[in-house]
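**Student:** The primary structure of each chain is shown beneath.
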Amino acid sequence: MFTSSRRVASAAALVGLLSLGLSACGGGTTKDSTAAQGGGGQTTGSAPASADPNAPIKEGLKIAFLPKQINNPYETIVDKAGIEAAGEYKGEAKEVGPSDASASSQVSYINTLIQQKQDAILIAANDANAVCGPLKQAMSKGIKVVAYDSDAAKDCRNLFINQASSEEIGRSQVKMLSDQIGGKGEIAILSATANATNQNAWIEFMKDELGKPEYKDLKLVKVAYGDDDDQKSFQETQGLLQAYPDLKGIISPTTVGISAASRYISGSKYKGKVAVTGLGTPNQMREYVKNGTVKEFALWNPKDLGYLASFSAAALASGRITGAEGEKFTAGKLGEFTIGKDGEIILGPPFTFNAENIDEFDF
Amino acid sequence: MTAVTAGRGGRSLVDLVFRARELSIVAALVLLVAVTTGVNGNFLSGQGVKDIFLNASILVLLAVGQSFVIITKNIDLSVGSVVGLVAFTVGDFLAADHGRGIVFAVILGVAIGAVCGLANGLLVSFGRVPALVVTLGTLYVIQGLDHFIAHGRQINAVDLPPALLSMGNGGVLGIPYLPLIAVLVMVAAGYYLRSYASGRDFYAIGSSPEAARLAGLPVRRRVMTAYLLSGGLAGLAGVLWLARFGTVVADAAGGWELQVVSAVVVGGVAITGGVGSVYGAALGALLLTTITSALVVLKVDPFWQQAITGALLLLAISVDRLLALRVARILRRRNARHGS
Numbered sequence: 350m351f352t353s354s355r356r357v358a359s360a361a362a363l364v365g366l367l368s369l370g371l372s373a374c375g376g377g378t379t380k381d382s383t384a385a386q387g388g389g390g391q392t393t394g395s396a397p398a399s400a401d402p403n404a405p406i407k408e409g410l411k412i413a414f415l416p417k418q419i420n421n422p423y424e425t426i427v428d429k430a431g432i433e434a435a436g437e438y439k440g441e442a443k444e445v446g447p448s449d450a451s452a453s454s455q456v457s458y459i460n461t462l463i464q465q466k467q468d469a470i471l472i473a474a475n476d477a478n479a480v481c482g483p484l485k486q487a488m489s490k491g492i493k494v495v496a497y498d499s500d501a502a503k504d505c506r507n508l509f510i511n512q513a514s515s516e517e518i519g520r521s522q523v524k525m526l527s528d529q530i531g532g533k534g535e536i537a538i539l540s541a542t543a544n545a546t547n548q549n550a551w552i553e554f555m556k557d558e559l560g561k562p563e564y565k566d567l568k569l570v571k572v573a574y575g576d577d578d579d580q581k582s583f584q585e586t587q588g589l590l591q592a593y594p595d596l597k598g599i600i601s602p603t604t605v606g607i608s609a610a611s612r613y614i615s616g617s618k619y620k621g622k623v624a625v626t627g628l629g630t631p632n633q634m635r636e637y638v639k640n641g642t643v644k645e646f647a648l649w650n651p652k653d654l655g656y657l658a659s660f661s662a663a664a665l666a667s668g669r670i671t672g673a674e675g676e677k678f679t680a681g682k683l684g685e686f687t688i689g690k691d692g693e694i695i696l697g698p699p700f701t702f703n704a705e706n707i708d709e710f711d712f
Numbered sequence: 496m497t498a499v500t501a502g503r504g505g506r507s508l509v510d511l512v513f514r515a516r517e518l519s520i521v522a523a524l525v526l527l528v529a530v531t532t533g534v535n536g537n538f539l540s541g542q543g544v545k546d547i548f549l550n551a552s553i554l555v556l557l558a559v560g561q562s563f564v565i566i567t568k569n570i571d572l573s574v575g576s577v578v579g580l581v582a583f584t585v586g587d588f589l590a591a592d593h594g595r596g597i598v599f600a601v602i603l604g605v606a607i608g609a610v611c612g613l614a615n616g617l618l619v620s621f622g623r624v625p626a627l628v629v630t631l632g633t634l635y636v637i638q639g640l641d642h643f644i645a646h647g648r649q650i651n652a653v654d655l656p657p658a659l660l661s662m663g664n665g666g667v668l669g670i671p672y673l674p675l676i677a678v679l680v681m682v683a684a685g686y687y688l689r690s691y692a693s694g695r696d697f698y699a700i701g702s703s704p705e706a707a708r709l710a711g712l713p714v715r716r717r718v719m720t721a722y723l724l725s726g727g728l729a730g731l732a733g734v735l736w737l738a739r740f741g742t743v744v745a746d747a748a749g750g751w752e753l754q755v756v757s758a759v760v761v762g763g764v765a766i767t768g769g770v771g772s773v774y775g776a777a778l779g780a781l782l783l784t785t786i787t788s789a790l791v792v793l794k795v796d797p798f799w800q801q802a803i804t805g806a807l808l809l810l811a812i813s814v815d816r817l818l819a820l821r822v823a824r825i826l827r828r829r830n831a832r833h834g835s
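As you go down the protein sequences, you meet chains A and B in turn.
To convert, count from 1 in the first sequence and add 349; that's our numbering.
To convert, count from 1 in the second sequence and add 495; that's our numbering.
These are computed hints drawn from the structure, not numbers from a lab.
Mixed in with the good hints, there may be bad ones.
Said to hold, decoys possible - Pairs of lysine-lysine residues, derived as DSS-like cross-links and limited to a Cα-Cα distance of at most 25 Å, are as follows:
#	chain 1	residue 1	chain 2	residue 2
1	B	Lys794	A	Lys556
2	B	Lys794	A	Lys568
3	A	Lys620	B	Lys794
4	A	Lys533	B	Lys794
5	A	Lys622	B	Lys794
6	B	Lys794	A	Lys581
7	A	Lys622	A	Lys581
8	A	Lys597	B	Lys794
9	B	Lys794	A	Lys571
10	A	Lys443	A	Lys490
11	A	Lys618	B	Lys794
12	A	Lys524	A	Lys644
All chains, full assembly: derive it from the sequences and hints.
**Tutor:** Next up, the structure:
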């Protein structure tokens, strides 16, 4: 562990130095955001500076998905759908990635993808800033960068495909739990790691929503972190229930957390007394919805997320869009999307699963 | 002949020292539980006690297996990967057909674990490669195999037979199955190591491999057995992992090898071999998991949890070193007095 992490660190340092050197060479004249968009001017002749909505989607585009970690079932579904979508526009897509979701583990993969001269890199960032240097370098070489699932820092990618707006996710989770427990009592949040970008954004909106007068009887007592580890999430859940005996509900906006909390509660004396909700996949939650531990939980369709990410990368690489606010493009069967503020594209509202509809889904 | 004359007195002295070690862990545990319960009475409620033992069971099993290996002056870093591999493959196997029996699943899990252990054992004892390197290698190989089999899939609770899931949180007469299994394994292993001649061989080998070889002990076979046991118990732990958590992805138990080694060392099994008991190791595992739970209940920043585990480890190693020096000095003085 020690040597490998040191190697990654030195690789990151090297990349940092390289990109510093590059920006120093290219800089001086322009220092605004268009420099990042155009990719340093001289290096890229192919990518036009302005969008041409009618440009054809190029054939044989090489795109690569870089998930938080391979073997994460959720990301596997997303990436697979994205790779299939590439078949529709005759592109070549693949998935590469690290086996651990640590902040720096994606850096060496980005460097390899740059060397392979991919047309676009799609990344679910483990850490918004750790991947920033290498991604900037990729953009300076004319490679389009699309973040999905978890965003990279704004100036290190062209687009961010948001599964649902962070705001909508955060607010809807509070509403869901409030409906389940009658709008009254102590509640807690069981998150993943303390520095996960998407989790923290959702939690901020949950807190904001809780500030509204209609939720004045709900009291958020603690945000716990299960580190997306089964045992840790179990122990955090136990701790919450012991430390707050009047706890009425837990929101866990992470797949590992919600299944651990549900598993623990379904086998303990708290079953039926403490509500669990959050974000999970229908397959992993089916058992707990059927045995009554969980009434409702939410998620978007991960296949649609991969599909949209794939199509938007193709549109970027073909010059149909540049990532500026207000540009529109069509993503195959999903229809038309508009780029929002800060290069963000939103897939749609989250979908609620319950005992009635859960059997219609298999992922 | 000094060894024989010093035998009786020396042994009881060493025994006393290490019983003292186990007692000190028990004392630490009692203190920890008392303080935590003082702050929050629920920590020692029926459910709370059940949780403490359930949380520790899997780590206890792994610690017992690891003790055998460490007592022979070796180490097994592949156990975390073995747990992950077994949890996934057995889950996959059961998901395919709910009619497949739990007993058969346990046997399959132990068998897969034992095969992994066998590979480690062969490489270490016959290949004469340092255990640290061998098991680091198999850690990655087994993990890779697991990832290959899983291919990003996930085992869900709904795919598993209800009987297995109820093994994870059910019990007999209010005592959950998992701790019951862990205690049975611990007692059996402890009895074997203490009361059988072949059990004592493990200590002799760990104290001085060269002397053990010259004394005609089957060193290779014992080291092999140690790895086989460690692997087999990791396999059992893998099945229990599946039963407890229900949802399993490929990297289940990733990084647990270090927790296991920490538990064993905190429990008084010297990393240099030849010293310690499985009871101590099991207590070490119980202490480490209880610390984690207690810190959550005490609402302490999770950062401290790792720091405290590290500090305990350092403390344990320092105490070991100090005790070893002390015992050696007393034995030397006594031998001198008896006029060797």
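**Student:** Next, verify each hint and record whether it holds.
**Tutor:** Okay, the hints, checked on the actual structure:
1. Simply put, B/Lys794 and A/Lys556 have alpha-carbon atoms about 20 Å apart, close enough for the 25 Å limit, and the pair holds.
2. About 17 Å separates the Cα atoms of B/Lys794 and A/Lys568, which keeps this hinted pair within 25 Å; it holds.
3. In summary, the hint linking A/Lys620 to B/Lys794 is supported, as the alpha carbons are separated by about 23 Å, within the 25 Å threshold.
4. Simply put, A/Lys533 and B/Lys794 have alpha-carbon atoms about 23 Å apart, close enough for the 25 Å limit, and the pair holds.
5. At most 25 Å may separate the alpha-carbon atoms for a hinted pair to count; A/Lys622 and B/Lys794 meet this at roughly 23 Å.
6. For the suggested pair B/Lys794 and A/Lys581, the alpha carbons sit about 14 Å apart, so the restraint of at most 25 Å is met.
7. For a cut-off of 25 Å, the pair hint linking A/Lys622 to A/Lys581 stands: about 22 Å separates their Cα positions.
8. Of the pairs offered as hints, the one joining A/Lys597 and B/Lys794 holds, with about 19 Å between alpha carbons and a cut-off of 25 Å not exceeded.
9. At most 25 Å may separate the alpha-carbon atoms for a hinted pair to count; B/Lys794 and A/Lys571 meet this at roughly 9 Å.
10. For the suggested pair A/Lys443 and A/Lys490, the alpha carbons sit about 20 Å apart, so the restraint of at most 25 Å is met.
11. The straight-line distance between the Cα atoms of A/Lys618 and B/Lys794 is roughly 22 Å, inside the 25 Å bound, and the hint therefore holds.
12. For the hint linking A/Lys524 to A/Lys644, the alpha-carbon distance of about 13 Å falls within 25 Å, and the restraint holds.
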